[in-house]
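Between the sequences and the hints, there should be enough to build the whole structure, so can you do that?
Chains as they are written, first to last, in our numbering: chain A, 1 to 425; chain B, 426 to 1330.
Quick caveat, the hints were computed from the structure, so don't treat them as lab data.
One or more of the hints may lead you astray.
Listed below are the simulated DSSO-like cross-link pairs for lysine-lysine, each with C-alpha atoms no more than 27 Å apart in a straight line [claimed, not checked]: (1) 1286/B x 1272/B; (2) 193/A x 439/B; (3) 186/A x 830/B; (4) 419/A x 557/B; (5) 193/A x 830/B.
Here are some chain A residues pointing at chain B (derived, C-beta under 7 Å) [claimed, not checked]: (6) 192; (7) 199; (8) 200; (9) 203; (10) 343; (11) 346; (12) 349; (13) 351; (14) 352; (15) 353; (16) 355.
If we take Cβ atoms under 7 Å as the criterion, some of the chain B residues that face chain A in the derived model are [to be verified]: (17) 469; (18) 470; (19) 488; (20) 515; (21) 516; (22) 522; (23) 555; (24) 602; (25) 835; (26) 847; (27) 848.
Being a predicted model, the structure only gives us computed values, none of them experimental.
Beta carbons are placed, not taken as given, at the ideal position from N, Cα and C, and that holds for glycine.
What follows is the residue order along each chain.
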Amino acid sequence: MDKPLTKNIQLERGPLNIDDYIKAGGYLSVQKAVKSMAPSEVTKTVLESGLMGRGGAGVSTGFKMGAVPMGEHASKIKYLIANADEMEPGTFKDRLLLEGDPHQLIEGMLISAYAIGATTAYIFLRGEYKLAQKRLEASVAQAYAENYLGQNILGSNFSLNLYVHMSAGRYICGEETALINALEGKRATPRAKPPFPPISGLWGKPTLVQNVETLCNLPHIINHGVPWYKALGKGVDAGTKIYGVSGKVKRPGAWELPMGTTARELLEVHAGGMKEGLQFKALLPGGASTDFWGSDRLDTPMDFSSTAKIGTRMGTGTMIVLDDKTCPIGMILNLERFFKQESCGWCTPCRDGLSWIAETLTAIENGEGQTQDISILARHARLLGPGSTFCALAPGAASPLQTGLSRFKEEFEQHILTKKCPYQH
Amino acid sequence: MPTIFIDDKPYFIKEGQNLLHAALSHGLDLPYFCWHPGLGSVGACRQCAVQHFKDAEDTKGRMVMSCMTPATDGMRVSIEHETCKSFRADVSEWMMTNHPHDCPVCDEGGECHLQDMTVMTGHNYRQFRFKKRTFNNQKLGPFVNHEMNRCITCYRCVRYYRDVAGGTDLNSFASSNRVYFGRNEDGTLENEFSGNLVEVCPTGVFTDKPFKAFFNRKWDLQMAPSVCQLCSLGCNIIPGERFESIRRVQNRYNHEINDYFLCDKGRFGHSFVNSKERLFVSMWRQKAKDVASEISQEETFQSATKLLSSSKRTVGIGSPRASLEANFALRTLVGEDNFYDGLSRHDSVLLSKVKQIVQRGPALTASLQNVKEADAILVLGEDLINTAPRLALAIRQNVIHMAQKKAAAVGIAAWNDLAVRNFVREKSDTVFVVTASKNKLEDVAASFQLHPDNIACLGYAIAHELNSEVELPKGMDADLLAKARLIAAVLREAKNPVIISGTSLYTEALLDASANVAWALCRQGSSARICYALPEANSMGLSLMNAKPLSLLMEEIVASKVSVAIVLENDLSRRLSSENLGIFFKNIPSVIALDSFQQQTVRQSKLAVATCSFSEGTGTFVNNEGRVQRYYSVFERKEKILESWRILRDWIRKSKKKASLWKNLDEITDDMCREIDTLSAFDQAIYRASFQIDGQKIPRETNGYSGRTAMVANLTMHEPKPLVDVDSPLAHSMEGYEGQPPSSLIPFFWEPGWNSVQSVNKYQKEIGGELKNQQPAVRLFDKQKSKKIVFFQRPPSLFKQQSGKWQIFPRYFIFGSEERAALSLAISEHLSVPCIGIGHEDAQKQKWLPGSMVNVEIDSKKWRLPVVIHPELESGMALMAHGLAGMDYAELPSYACIRLSESAT
Ligand SMILES: Cc1cc2nc3c(=O)[nH]c(=O)nc-3n(C[C@H](O)[C@H](O)[C@H](O)COP(=O)(O)O)c2cc1C
Ligand code: SF4
Ligand code: SF4
Ligand code: SF4
Ligand code: FES
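Next up, the structure:
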């Protein structure tokens, strides 16, 4: 089984330096693209590969790259940003790539920057990822030294400067337009779309924001071609995916597997099933902003197309597992408290709705719930859906709440009726 | 015309509008918060949700924010659809989770957009049962009160303050549901337009602080359409009165001038009418040294007419802050030969030059709207923020307007405010502001500093670039010439550029240069306009009176044997040096001063006649662009004080034996317009006192006005008969026509369900555009334009420093240089202090520090002043504070010696 993204990663050893990385076939894609492909060919290849953004929304990467204006009349200044904010609860896939093989990300960014004509690139890194910062900065320095970054890369006309920027630390900074504002030193609130960043992004210039994992796929697509890449996936969606499992399972972790691996395989095979004495109750398939799945959904292939078909989302593909001994309301409260705390405060439903949700859940969990609380929560779960808020943070927060309310209806009622949390002794 | 369907009814729309703008423009009720016509859309509050349908079959639709959705032809939307309707009520409920439910004790209550919108959404019961979050309030200075708990986090305040007004000291802090709007610490808001926060904030967070100190509800105010008295722009205002005091001033929307925003001087300066310095009774002083004694109105009349009848020669001294009518009455009394303008020497010269330029043409004058919409702007010399503040704000609005045009190129709608701002990052490349010292437009415009003469030279050079008939000043360096070329190139490309200058640097060459530039552009076929900031509110009006310069009177004063001088609403100590003022009083045995407040001329006069102020009398001003505007008396005092023109009329009646002269304002207006040709258009446009709608006058009081009898219950149990206003179509009453009057007669904005200032929506044809009952403006200089251009030649020489001397120019201050505004309580807490401004280089050379006390010696006169350092000021020149209380008048520009004061500390 091909594992292009993680083939160089051995956590015990640390990341490859540039020499070893090149020995292992690194930066070949840059040679190939810069010397033998027009930027538009790169974009076309990525589009045909079927790569979908790994940041959670699953938008076609080639399509996004194609939205950046090219040619004579396009702005001479364009930016590429690697979204390495990864603050989604339960998500640690980008961290694996950042710490494990930083050159791979740089190589991916070179491909993307070449395709869109960017001359400056940023890695917007989660504030807590100190180790990744160290490794990235070292790798960036090596890449400059070897002229994989800087002026006239490999003797071509293509130049790229790359900066590592540490986030000051807010979940909303992962949202691409809030990220851009943060990078500019402004309040991290999202921007209205349209205009999308490819039209007006960082400093008002065309900008592409791409997830770390997305970018890491690019060198391999260029090196091995579209049919190879498509064949990596199990189902409709192409490529491999870094899946993760956390919660009270035997072997929590992250693995590169074919796109379309089922949730059951992840849980039972790769994570080794639940810990002794615990039963599986539910899971969040891709971070905190996705729906609760019960055992009825375990056989769903974890890819964008299959999940969309049944009206749910894969998100980041890093699942959080809930067992039968942990209070589901406590878990939801924990999540909603996080979302409330991280709301940027720009739009009313999220800013005031999430606080209300968190207050209500706190009351329920503390045995102070009232019967109407369930309908208040249900109303909020409905109202914070897509379209009613300014960005996707609140709809993300509504997902576990809405599905939790129906999946754990009894637990909610029991908390309110008995005026205590039955999971606490 | 593109059409959209709202709840299945077709509505015409204008290209480029968003749905909210379109719906409100058609008079529909759709609630909103974060949107504001002066600020555009940001989609934050989510209050304006509507349902958008794919086609006629679609009944479910998709909810969208109307303020963020372009209205496009054929679009089908619903305001009434259950989904969006209940969502809007939910948004209200969310806003209410933390909002104090105490409207009765809130200053915004009764004119609160939040109240109105909450009622509109139908939300009435709040399910939230948890503790509300609370904030600390800040002390933000004398103008604006802060009560953060009332905040609904709509972000309007910061967007207005930072993005429109250019302020930097108000911001939003923190996140989640603890977003805080304020300064990073207590302190006076720094921006000159901070008062607009009061109207921009839709809740009781930012409210009018002086109003709060003497609070009453909006519906208990008596209000009238009025015009700002405090600079030459003539912004439209609504003063509100109760218990014979002006409680506050609000913006009166006029899309050609001030649209939604006033400056702080205009908003907070008019309470000078409540000041302790008001003159309510006339005073008589037998001999110069005597203590003046109060006299009745009848005694005043007797004394004045007696003085007049025995006078050998009576001169009248007019005023640039008195109404046209008052000046005209005085001119009629003394005769044109004896009528003087009451201006300082340079104001006289500059004003007649301005008049000559705007009359001779071919450039038309610019309104503030023209400035906002210009495609290029050049400011030559004038420090607008201090001399014509709202014009500086109009320039900022222009920069936004031009950015919107740029953003349109990539499909960003003009209303998509943050998108426009994010896309356009550069300073304007079409606005150039050249001043002597920093001008507070540096952040948005291309700006640099020069000596005033050099600014004029630059203007000449620009004009020369555009038309070689204009002489090129000698000796200009390459850098300055390059600048001239660049500016000329931008102006040349523009279709409707505006050239701005003014009189405050006392430099005539600046007027010439700016006219040359505008005319050279006109010659090329562009519709360039010209705009001058003038010294006072009715400077232009006074210039129509053919008055002789006051300096002429001073020249002949010894020989001319004047027995009586009538000084109309004018303090000559602000026009003449103290030496000349002494000569004036010494040579004229009887000086009669008419004014509404105590000032030096009033204090020194033999007869000081109390006149009413703009708040109690109706009159007419001509603003800097030649726009004739009438301000209406707001209230009448129980102890009635007459307008100057009425007082003077009584004297004319007696002395000229015209017993029935000018029974009301209409009659004097008729006479005045007949005699002063330029004004004839005004006579036709004015609403006469007899004007009625549906047989009714227009009430100055709202229909909720309370306490009509209670207010006087200590005197009488009966309701007093409403006063009859013989001068205007307005009534001192709550009864009368309740619909929307013509634009110039709107005493207040109100509609059922729209109690806040945003009720102005209901008075507009299109939101943000002209009013429904807009009258055409009367602009005096639009007609008599000759096509022939005679450029001013003789450019000044470039400034050469004189060793050991400084050339001193005046420096105006928004808070302090206007004598009456300085009397307002709020402004008196925010006054600028006398000072002398020196360039960085000079200060270093002299080893002067900020605050060093120096003596500025002009001729033999000394001013002891602290040094202020203007880093950018050219070496060899200095700026001396002008018009501040306690500063003697100085004849400028003059050369002076500046020396460290002996008693320096
Ligand atoms: C609240 C919020 C947080 C987000 N956080 C991240 C993040 O940490 N990393 C990320 O790659 N994308 C995140 N996204 C998604 C980004 O907005 C964006 O879609 C993504 O970076 C695009 O990259 P892709 O096309 O490669 O997936 C977040 C979105 C939202 C609404
Ligand atoms: S949903 Fe609104 S408040 Fe929440 S993070 Fe997005 S923009 Fe901010
Ligand atoms: S202070 Fe007023 S304007 Fe500012 S956000 Fe709050 S409610 Fe809106
Ligand atoms: S700009 Fe001038 S006219 Fe307008 S409000 Fe200010 S002082 Fe008054
Ligand atoms: S008015 Fe439309 S979202 Fe605020």
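Are any of the numbered hints broken by this structure? If so, which, sorted upward? Going through the list in order, the structure violates no hint and respects every one.
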